[in-house]
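Asks: Chain by chain, the residues:
4 protein chains.
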Amino acid sequence: MYAVGVDIGGTKIAAGVVDEDGRIVAKLRRKTDASDSASVEHGVVEVCRELAADHEIGAIGLAAPGYVGADQATVLFTPNLPWRDHPLRANVQRQLGSLADGVRIVVENDANAAGWAEFRFGAGRGVRDMLLLTIGTGLGGAIVIDGRLLRGWAGVAAEVGHMRVVPDGHACGCGHDGCWEQYASGRALVREAKAALVNDPDRATRLLELAGGDPNHLKGPQVTKAAREGDPLALELLTTLGRWIGEGAASVAAIVDPALVVIGGGVADAGELLLKPAREGFENQLSARGHRPVAEIAVASLGNEAGIVGAADLARTV
Amino acid sequence: MYAVGVDIGGTKIAAGVVDEDGRIVAKLRRKTDASDSASVEHGVVEVCRELAADHEIGAIGLAAPGYVGADQATVLFTPNLPWRDHPLRANVQRQLGSLADGVRIVVENDANAAGWAEFRFGAGRGVRDMLLLTIGTGLGGAIVIDGRLLRGWAGVAAEVGHMRVVPDGHACGCGHDGCWEQYASGRALVREAKAALVNDPDRATRLLELAGGDPNHLKGPQVTKAAREGDPLALELLTTLGRWIGEGAASVAAIVDPALVVIGGGVADAGELLLKPAREGFENQLSARGHRPVAEIAVASLGNEAGIVGAADLARTV
Amino acid sequence: MYAVGVDIGGTKIAAGVVDEDGRIVAKLRRKTDASDSASVEHGVVEVCRELAADHEIGAIGLAAPGYVGADQATVLFTPNLPWRDHPLRANVQRQLGSLADGVRIVVENDANAAGWAEFRFGAGRGVRDMLLLTIGTGLGGAIVIDGRLLRGWAGVAAEVGHMRVVPDGHACGCGHDGCWEQYASGRALVREAKAALVNDPDRATRLLELAGGDPNHLKGPQVTKAAREGDPLALELLTTLGRWIGEGAASVAAIVDPALVVIGGGVADAGELLLKPAREGFENQLSARGHRPVAEIAVASLGNEAGIVGAADLARTV
Amino acid sequence: MYAVGVDIGGTKIAAGVVDEDGRIVAKLRRKTDASDSASVEHGVVEVCRELAADHEIGAIGLAAPGYVGADQATVLFTPNLPWRDHPLRANVQRQLGSLADGVRIVVENDANAAGWAEFRFGAGRGVRDMLLLTIGTGLGGAIVIDGRLLRGWAGVAAEVGHMRVVPDGHACGCGHDGCWEQYASGRALVREAKAALVNDPDRATRLLELAGGDPNHLKGPQVTKAAREGDPLALELLTTLGRWIGEGAASVAAIVDPALVVIGGGVADAGELLLKPAREGFENQLSARGHRPVAEIAVASLGNEAGIVGAADLARTV
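As you go down the protein sequences, you meet chains A, B, C and D in turn.
Residue 150 in the numbering used here sits at position 148 of the first sequence, with consecutive numbering throughout.
Residue 20 in the numbering used here sits at position 18 of the second sequence, with consecutive numbering throughout.
Residue 72 in the numbering used here sits at position 70 of the third sequence, with consecutive numbering throughout.
Residue 104 in the numbering used here sits at position 102 of the fourth sequence, with consecutive numbering throughout.
Treat the hints loosely; a few may be bogus.
Which copy is meant is left open, because identical chains are indistinguishable; a pair holds if it fits in one copy or across any two.
Said to hold, decoys possible - Below are the DSS-like pairs computed for lysine-lysine, each with C-alpha atoms no more than 30 Å apart in a straight line:
#, residue 1, residue 2
1, K227, K278
2, K14, K227
3, K29, K196
In case anyone wonders, no lab produced these hints; they're calculated from the structure.
Quick caveat: nothing in here was measured; it's all calculated off a predicted structure.
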């Protein structure tokens, strides 16, 4: 059975028709206006219609960038869209009209969708207990326990980015201080890189050059590029980032004990430059190390399409 | 069907015959020598024999104070007993001889056993997603997700006490720094109380009196007693402890999203003096507060027998 | 002998003629354009000329908002003006022409100037060892040791706001993390108040009202106003701020051991609402408490004019 | 003029006759019983008598291991001797009888004495503003400002080891948490090394060997020895220690702005293995780096005799 997966972002929608082996057989993209809730919903409905025109669809999975309720229907809260207790499933269902007849529609958190895709078809194939970290600008997560997605009581489990790792630490957009996201994310990497431009100008010449001479233009991929070239400061920045990823993952592991930690998102492009310190940080902080097996840490394999694939599969199978 | 639950501690074994409603119908205690592994096992076998003499037993659950493998048979590591990769189930089974025929024997972590008991028959009845914190000298945990005990890949999930809450924080017996256990446990309460005797002697007169004039004799229950009398310093100490419990629980909630946090162990005797600040700390740190339901925090209801009841029930039913 | 004191701010210059008892006998203000270094200097020269027209001047003290070199002539760095290794004294001297003949001109850090004024004529009269904390948007400091202003080897002593109090803590404008300024300043107060509007909306109604309904308009004095009315959240925010002030001051006291800590700047308007928790935080953290006298903590008495008075006096007497 | 310097330790007294160039012309040692205050004092008197028998003495400086009052006569508190508000000068003077006639006797903190010696005759010659760190089991300090020893209002300045560097950090013997001493001392080095034996046994084989196979026997000098041999774990441990030394020194530098940081005490034996990371930590954390000169960090040059030399010189000259 085909299912549609829709990955709803702040500025664009990506959607695809996904078969039972996790393959995308058709794909669409659409720009949206994040400030206009109706336009976003309208975009979702349109891509579904368009994809359903050419394929027989049995289920639709909507991956939303925020907190999704336990009903798998309501978006409780999104930082980047004006949705609060928003009945996304009902709205989409209504607008789809007869097209929705007999079609199972579910709403999922986008990181959960991506994590599920990696578990079913990607880096997590073959394990039963997995932690996905999606490290882009922010830090999202998904947890699979004994082959089942962990949603939690209220639907908001696996918000790993908001585990506090430093009391009175860096201010987080969520209103709290010291959230893991502020230490293990692209935003953290850029913040520390910009600080180095101030504090360590002699060693930051390559970074400044890659930023076109303007510290404000520095972006995460430039740090990765410099690190690949061997730039010592950039390597140090990735090492620090990796260490925070690994050390935080050790705290999550103390709670859910996964067999595998999969690292996805744009930051994962740094590959071993990031994974090596992440593994070191993880092992150094792992409770009862030496008396337990140590989880592996690997890079995600499905790239940006994980959200589409996972949302579709969750709608179909779970 | 009756099951035996055996709660193996550092210095004693407590065991009981438990019926399907979680009632203990017979009970035994035995002192042990923690340094002598064989004597501990021998004690386990003896109490099982003795209880089986008067009751027909279908299952035996052994609650061990340490890391238990995913096989529910091996003790990977215990801080207080000399067990490392120790085949507890096989040893007990062999010594029980024919008595073990047809009897399911499982080994469980003791906090897991206690948490399961609270979930099935105690403070957690009626919820599906629960976090138990056992706060005695140390801090143990158990997690129930959608009605199932979370054991993890290697069997060592829910070791919440070793989530790091303060980088470079208090040294933990586990060899790491800043583990939650060093902030949310009886040991933490006593450490801070002793520090107050040094730093704040004018306000510590009642505590010193309860300790018989000797700071080294100060114990957690004395702090609770002073707090109940209204002693301002003792109240402050419990408030600080409660805050750490609640704030840490908010981090765990960011990961597993429970409906209920149950607080057991000796420290829970402080009741509302502890729960009030724990609730405040929890709510203050809860991610997306205001956009999600807030888990309840309650005291455990089964007391010291939770380990026996939970071990027996897990052996029988899971 | 009269001396002129000039307090150079980011957006304005305040200047006065100061007599030997620290009294301002004439006063001027001038707006400036912080982005235009020449205009700022021109303003300084103008106010000096104008004040010198009516009074015989023996010395000129220039209080600059930044790092001043040990030569008391060069501004090494200012965050809010484009001065880097800037020869402020030489420039002003040259532009003053013959007016500068026989007139001692010195450049001082503005917090140092304010601290000196409090020491000589304000809250610090009668003590020999004093710490001034100027708590406005940021956190500045001045230290007097045995009756002498502490300038340090390079002229940049008493930059207390950049003592690190939380490793990996809040990002500071200086490029580092966890500086005391990020916990003990008006900026910290407003940051925490805004976070409370997000995390604790039920208790934040009065603060939101004072901010005219817009969280972005919330200012420190509104928090102080609400606290004076008895608003529990505002009181809590000031208590937290006061605690950080006191605890940080205890660390400074471990190093310089002052008899008195004077708290000035706009935040000091909160008076005892701030000083009480500051004293508690200070005493709780004070090393060897009980075996040493405890420094007093008092509010500054000279208000905004301290910079003028101190700069003038330093130019004349030191 | 000759002066006697007496360095009073927990278990022994070392004393010497010191000339005006800081040379020790005669020297004595005596074991003491730290639990017996009278015996310690008696030992002090005896060594003074003995040294005075062969040399004409103009002054006596007593370096005490604790807090010394501003009167330079009273020991306010010592952790290792039973002295509380103890009139050490008066007692010694009385017992010396006529020998004390015309002899100036002063009591100084032992780290202050050592710092003064380094300033006058050792690594600090030629600078006016200096920070000494004495890093043995604990962390002591001395500060020289513009050529004068900083004693502070109550006599207890330069207790740098009790500046708080990690809120809720490692428990300190002083009753507080997170004191710098718990991160930058021999005790910290050994604590972390022992933790590595637990957490990182594969890399800790050389350390365990040097400890004779017993983790409890591990000592700081063994870590230094392993590091000199190139052992990666030991090098890492010294790097971490050095980083904490440097980062804390940057906080002290934000307050007193020294030209030179001198590192003495047993830990300084590690030399560049420690100084390199200390310099890096210092520069990384230095406020306004790039806009100010950077203090040097050097090893102390007078060794264990600094206390004797400094106490004698302070008694004679200050």
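Asks: If you check each hint against the structure, which ones fail?
Replies: 3
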